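K.L.:
Residues per chain are reported as follows:
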Amino acid sequence: MTPPSDPSAPPSWLEQRLPIGRMLRDHLIFAPIPADFSLGACVEPLIWGALITLTFTGIWLGLFYHAAPQHAFTSLQTIMRAVPFGWLIRDLHRTGVSILFALAYLQLFRALRLGLYRDGRELAWIVSLVRFAMFLFLGVLGFIMIDGAASIALSLDLAAHLAAIPLIGHAIAQAFLGAASDLSRPDLTRIAMAHIAIGFLLLLIAGLTSLTQRLAPPANRDGLPRLDPRDLVAFHPYGSPRLFAAAIITGLIFFGLILAAPHGQSSRLNAIPAGTLALPLHLDLPWYLLGFAGLAQAGQSLGGGTALIAVVLILLAALPWLDRSPAAAARYRPWHRRALWLLAGAWVLLSIGAADPRGAWTLMIDLSACYVIAHFLLVTPLISLLEAPQPVPTRLRGAKK
Amino acid sequence: MRRVAWFFAVLAVSPVARAAPHFAFTAPLGTYNKATLQAGFAVYQAQCAACHTISAVRAGALADLGVSPAAMARLRALRPPQQPAAPDLSLIATALPHGAASIVSLLRVHHPLKSAVMVHDVAEFLAWSADPTLDQRKSIMLRAMIYLAIFGLIGFFALRQDRAP
Amino acid sequence: MRQTPIRFLTILALAFAAVGFGAMAWVFIAALGPIRPAAAPSVATNLASSRR
Chain A
1 MTPPSDPSAP PSWLEQRLPI GRMLRDHLIF APIPADFSLG ACVEPLIWGA
51 LITLTFTGIW LGLFYHAAPQ HAFTSLQTIM RAVPFGWLIR DLHRTGVSIL
101 FALAYLQLFR ALRLGLYRDG RELAWIVSLV RFAMFLFLGV LGFIMIDGAA
151 SIALSLDLAA HLAAIPLIGH AIAQAFLGAA SDLSRPDLTR IAMAHIAIGF
201 LLLLIAGLTS LTQRLAPPAN RDGLPRLDPR DLVAFHPYGS PRLFAAAIIT
251 GLIFFGLILA APHGQSSRLN AIPAGTLALP LHLDLPWYLL GFAGLAQAGQ
301 SLGGGTALIA VVLILLAALP WLDRSPAAAA RYRPWHRRAL WLLAGAWVLL
351 SIGAADPRGA WTLMIDLSAC YVIAHFLLVT PLISLLEAPQ PVPTRLRGAK
401 K
Chain B
402 MRRVAWFFAV LAVSPVARAA PHFAFTAPLG TYNKATLQAG FAVYQAQCAA
452 CHTISAVRAG ALADLGVSPA AMARLRALRP PQQPAAPDLS LIATALPHGA
502 ASIVSLLRVH HPLKSAVMVH DVAEFLAWSA DPTLDQRKSI MLRAMIYLAI
552 FGLIGFFALR QDRAP
Chain C
567 MRQTPIRFLT ILALAFAAVG FGAMAWVFIA ALGPIRPAAA PSVATNLASS
617 RR
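Residue numbers (this note's numbering), protein chains in the order written: chain A, 1 to 401; chain B, 402 to 566; chain C, 567 to 618.
For the record, the hints were derived by calculation from the structure and aren't laboratory data. These numbers come from a predicted model, not from an experiment. Be aware that one or more of the hints could be misleading.
Stated by the list, open to error - The calculated label-pair distances, taken between Cβ atoms and stated as ranges, are:
no., chain 1, residue 1, chain 2, residue 2, range
1, B, Cys452, A, Ala374, 29 to 37 angstroms
2, A, Pro19, C, Gly586, 28 to 36 angstroms
3, C, Ile595, B, Arg544, 39 to 47 angstroms
4, A, Ala68, B, Cys452, 52 to 60 angstroms
5, C, Ala583, A, Pro19, 19 to 27 angstroms
6, B, Ala474, A, Leu203, 30 to 38 angstroms
7, B, Ser469, C, Ile595, 29 to 37 angstroms
8, B, Cys452, A, Phe137, 40 to 48 angstroms
As the list claims (entries may be wrong) - A short list of chain B residues far from chain C (calculated; beta carbon distances all over 12 angstroms):
no., residue
9, Thr495
10, Ser506
11, Arg509
12, Arg544
13, Gly556
We treat Cβ as the ideally placed atom computed from N, Cα and C, and that holds for glycine.
One chain only, chain A, in its complex shape (with noise of 0.2 angstroms):
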């Protein structure tokens, strides 16, 4: 890609107007991005990669799906068998829910290792957490929305979890799974009709994440609050092999796990359809959510698990002030990098522990979920006062050219 030959030429009719040419090359086939782009930096816009694949199957599962008790079910089958191409198109759309996902815990564990939540990040960092939010609430309603006996359990659970909360629960409740007073089946119009619009809204949330880091100091893997022009390179042609290359691995992961496992996230159960004859005595949750299903558990009451999954969410939220390191990054971190694993350890023990709770599971549920909020409240703010970290250089140490 070359620059413009003669800057002087007069602008085209179109750029005069809407400098929608000049904005691509400033903010994205040129934009300025630390030297040391990696692999981890692809992350983000491939997070943008998965959305679309979404919106755009997704709009093309609607035109097929019927939103209706009994007639659900039998829809999605007619999409697996009769609709031209129609099984691509649902193993696109639920196997990019995984690759989702995985992207999106990923983008979450780089930006505690990196400390992309401080130093004038804080506003991009709690807007793309209330984006993984909707990411979350939005796979819920979609494993509703298959409406097999698993979806019926994950409702039912969905349903009295939100109960619990104090005074508007039950409201809440009501007004997103049905008018149905005990709750006991949802109102699969409405799950539908919530899937798709906070589906689109989500496309506006994840636009203000991107637009707010943008704004926010370039994420760079030394956590260096600000940047020295010099580390500063053109994503073309500096950035752009590597993302292409990212995108690449991604998209071979992705199809290859349609090729061998297509519904591997989800429930076999699903394969039954919802009914008041074929209720599951446990849930049998995609792998994505048994995190915040061991959070839930670990709540020891309905209305613990409600508490105890918004609490780490707002613990989160308030990072940014709960860390009180000169240092952010955690390279320069001994004790804090270490503690970051364990947090890690400690949401993978969560999830194998949900994922069938039962005789030592239970305890390791409870301990893991006692390090992870532990972790946001005490560990994370005592070793950011005590730990002297290692000497930050001004300048990025890992630039790769």
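With chain A held as given, fit chains B and C onto it using these hints.
P.N.:
Positioned in the frame of chain A, the structure of chains B and C alone reads:
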């Protein structure tokens, strides 16, 4: 492209793929055996169809399988039972934890008189009725992956060539 | 100073991208086509009937 093909060839004969030795289609690139599916349909029609429906299966899909109109007419002649006690079998292979292998073990326990070949064939037929697009999915996704790999190499170096030497 | 603004690899990559997007577009447009009919009325009731 050849490297990708080799990778999948090695994967297809690896111990992971041979974990379920009875069903070729459970391998990453394995496909259904059409003769087995036809035999399995015959077993289903003779032994199961009196009580169990496969309501999600399309007539067109059965025709693609080679089921003759006469056979479908015979299936129509079977009266559906008055009491809806017997479950529909369209998606039973997806609902069971090990798919077709689970059907085999269930049938061995509950109907020990049937021959092993019949059990195997009807299990593969029921796996097909739960996932009739498996063959198409595997071939299309494999081609898509080969395309992505080649596109990736070309695009990566095309983008890199704009860097200053 | 390289003077060739458009190179062979670029053209090849653009052609590949066009093929990929074309294939996806074709899939999505084909999905709007006629749905494969459910069992015709004459065909087995126990194939087509939903008993839930």
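K.L.:
Against the structure shown, which of the earlier numbered hints fail to hold, in ascending order?
P.N.:
Numbers 1, 3, 4, 6, 12, 13 - these are the hints that the structure violates, sorted from lowest upward.
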